[in-house]
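For chain A, the structure is supplied; the task is to place chain B on it using the hints.
There are 2 protein chains.
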Amino acid sequence: MSYSIAFLGPKATFTDLAVSRLFPDDAKIPMATIPECMDAVVDGQADLAVVPIENALEGSVNITLDYLVHEVNLPISGEIITPIQQHFMVHPDNDIPSFVPDVIYSHSHAIAQCHKFLHKELRGIPCENTTSTAAAAQLVMEQPGKKIAAIANELAAAEYGLAITRPNIHDFSHNHTKFVVLSKSDIQYENCLATRRGDKTTLMVMLPADHSGALHQVLSAFAWRKLNLSKIESRPMKTGLGNYFFIIDLEMKMDEVLIPGAISELEALGCNVTLLGSYPSFMVEKSVDIAEIHSKMM
Amino acid sequence: MSYSIAFLGPKATFTDLAVSRLFPDDAKIPMATIPECMDAVVDGQADLAVVPIENALEGSVNITLDYLVHEVNLPISGEIITPIQQHFMVHPDNDIPSFVPDVIYSHSHAIAQCHKFLHKELRGIPCENTTSTAAAAQLVMEQPGKKIAAIANELAAAEYGLAITRPNIHDFSHNHTKFVVLSKSDIQYENCLATRRGDKTTLMVMLPADHSGALHQVLSAFAWRKLNLSKIESRPMKTGLGNYFFIIDLEMKMDEVLIPGAISELEALGCNVTLLGSYPSFMVEKSVDIAEIHSKMM
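Chains as they are written, first to last, in numbering that gives the first Met the number 0: chain A, 0 to 297; chain B, 0 to 297.
Think of the hints as simulated: they come from the structure by calculation, not from any bench. Each hint should be verified, as a subset may be incorrect.
Note: identical chains are not told apart, hence a pair may lie in one copy or across any two.
Claimed, not checked - List of simulated lysine-lysine pairs, DSBU-like, C-alpha gap at most 35 Å:
| no. | residue 1 | residue 2 |
| --- | --- | --- |
| 1 | Lys-27 | Lys-119 |
| 2 | Lys-230 | Lys-146 |
| 3 | Lys-119 | Lys-146 |
| 4 | Lys-119 | Lys-183 |
| 5 | Lys-237 | Lys-119 |
| 6 | Lys-183 | Lys-230 |
| 7 | Lys-27 | Lys-146 |
| 8 | Lys-183 | Lys-225 |
| 9 | Lys-183 | Lys-115 |
| 10 | Lys-237 | Lys-27 |
| 11 | Lys-252 | Lys-10 |
| 12 | Lys-237 | Lys-146 |
| 13 | Lys-252 | Lys-115 |
| 14 | Lys-237 | Lys-225 |
| 15 | Lys-230 | Lys-115 |
| 16 | Lys-183 | Lys-252 |
Model, not experiment: these values are computed from the prediction.
Isolated chain A (complex conformation) (with noise of 0.2 Å):
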């Protein structure tokens, strides 16, 4: 099988990385934000979407979420958690030890993870946003004359060619971010370059309107069948303060017995349960070699 896969670009953005591990050989469409992504996908533009869904630092990505949920009816069909390494890079005329950039460009997210080195090594240089780490990387690749410089990944400097002066600058080892492939059918993931680590199950729940109490009836559905949860996320249902619908992640397969028994109790009590997808998980252990990438890229 071969897809064609709408992602969150530009080019060797984060997002770019995650699909690079996951459908090595497959035919990419950059977009620029994450509803066009899903929409593609709705609009039969692209076989599926990859999207950021949850930072270890930032928690959920909302928009995601909230498209997800209000917007479209697209089954999750896979998830990849990738580590988040940010690399310090300048234009390679600037490659010398003396260089100091008047101006650093980044991503707002990527700015605050490297909140400790920016403080330490480079105070009182400016920070300027960018919509995305890759448009930092080429922003400093088009303007070889100015004294700048770009915080992004290693995608970005090997497709933009800049020299990465210091790498791993983020303050956090363990930063790490949750991607979702959303697609209307089942996914092959014949040539996935990262390790299966099991099986989710997701599911939307609305609670009844005098939900006092509810909650704890719908985790004890879970409870008492020794169902896993690995997570629960409360996210507003846009109807008024305080009402919320949650995301729930079981640790395992739609099976035929006991999840289908905790949707069917959950309904008896008077929620309102959607399967957002049953899928596989992968995980990027270590990098891969980025020339090896970046050359599969071109």
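Relative to chain A, chain B alone:
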């Protein structure tokens, strides 16, 4: 008592509107960011801070929760829920029926909240983001010769002398934002113009490392005591994907039996529990006369 209040500025933001209801006669210090508001109280520059914590459409304000849990130790001393009403405004020189702006300025959330109006009435006109709705109003005031408009609240229109040509252009009429009062000591609400709704207690609960089923146990400790939860929200611990803490709101004041009993039970289960505050809850029922608020601000 007279307080000095650090709030998320500039003048005439929705936070300013909330402050004007809670503390109509007190001294206000606008701050550029939410962390700066909290730091001002920690450093003794201000007696209290007022910052947004949750919006009915966007969900929790993550920077507020995260800074409160990870960076500062400031009890929640009150909360106020205010309706969010957005208006379309222009420089009074441009207050003519045929006026069509070349650009519309506002905060990205306000632009999102008026999506249907903009799509229907002003399709194709570019929207530019500003750091606050008040900043958009100021920008329009400062450039009377330009064909520009702002989306902001009634306080900003009054503050910057703009003409509201289309009031209440927000898509959802039930949109509200909750703001919290943060202070080292108890706060008196003597001149408060909002309605008292009751009391709340907010707890932060960290589950033990092996937390499968632990959240269910946590909720049991509240459920069997018939303690009503009005909110449960997960946020990342920043120690790796899948590690969360939970913010729990109880619909009552801290007592001497039930809540301390629940906390002891949670601690016996291996949870780490922090009391974030026990405080009065206020609500703005309807708009107070704008001219009156504005005259008090002068």
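Comparing the hints with the structure gives:
1. Proximity of Lys-27 and Lys-119 under a CA criterion of 35 Å is satisfied inter-copy only: 33 Å between copies versus 38 Å inside one chain copy.
2. Neither within a single protomer nor between protomers do Lys-230 and Lys-146 lie at most 35 Å apart by alpha-carbon distance, with minima of 44 Å and 49 Å respectively.
3. For a Cα distance limit of 35 Å, the shortest separation of Lys-119 from Lys-146 inside one copy, 20 Å, qualifies, whereas the shortest one across copies, 45 Å, does not.
4. Proximity of Lys-119 and Lys-183 under a CA criterion of 35 Å is satisfied inter-copy only: 31 Å between copies versus 48 Å inside one chain copy.
5. Taking the closest pair of Cα atoms, Lys-237 and Lys-119 come within 35 Å of each other only across two copies (21 Å); inside a single copy the shortest separation is 42 Å, beyond that limit.
6. In this homomeric assembly, Lys-183 and Lys-230 come within 35 Å of each other (Cα to Cα) both inside a single copy, at 24 Å, and across copies, at 34 Å.
7. Taking the shortest Cα distances, Lys-27 and Lys-146 sit within 35 Å of each other inside one copy (33 Å), while across copies they are farther apart (40 Å).
8. Proximity of Lys-183 and Lys-225 under a CA criterion of 35 Å is satisfied intra-copy only: 30 Å inside one chain copy versus 43 Å between copies.
9. Taking the shortest Cα distances, Lys-183 and Lys-115 sit within 35 Å of each other only across copies (28 Å), while inside one copy they are farther apart (43 Å).
10. For the homomeric pair Lys-237 and Lys-27, the shortest alpha-carbon distances inside one copy (33 Å) and between copies (31 Å) are both at most 35 Å.
11. In this homomeric assembly, Lys-252 and Lys-10 come within 35 Å of each other (Cα to Cα) only inside a single copy, at 33 Å, whereas the closest approach across copies is 53 Å.
12. Taking identical chains as interchangeable, the C-alpha atoms of Lys-237 and Lys-146 lie at most 35 Å apart only when they sit on different chains, with a minimum of 33 Å there against 45 Å within one chain.
13. Within a single copy, Lys-252 and Lys-115 get their C-alpha atoms no closer than 40 Å, and across copies no closer than 39 Å, so neither meets the 35 Å cut-off.
14. Taking CA atoms no more than 35 Å apart as the test, Lys-237 paired with Lys-225 passes in both settings, with 32 Å inside one copy and 27 Å between copies.
15. When the C-alpha separation of Lys-230 and Lys-115 is checked against a cutoff of 35 Å, the pair qualifies both within a copy, at 29 Å, and between copies, at 33 Å.
16. In this assembly of identical chains, the alpha carbons of Lys-183 and Lys-252 lie at most 35 Å apart only when taken from the same copy (18 Å versus 49 Å across copies).
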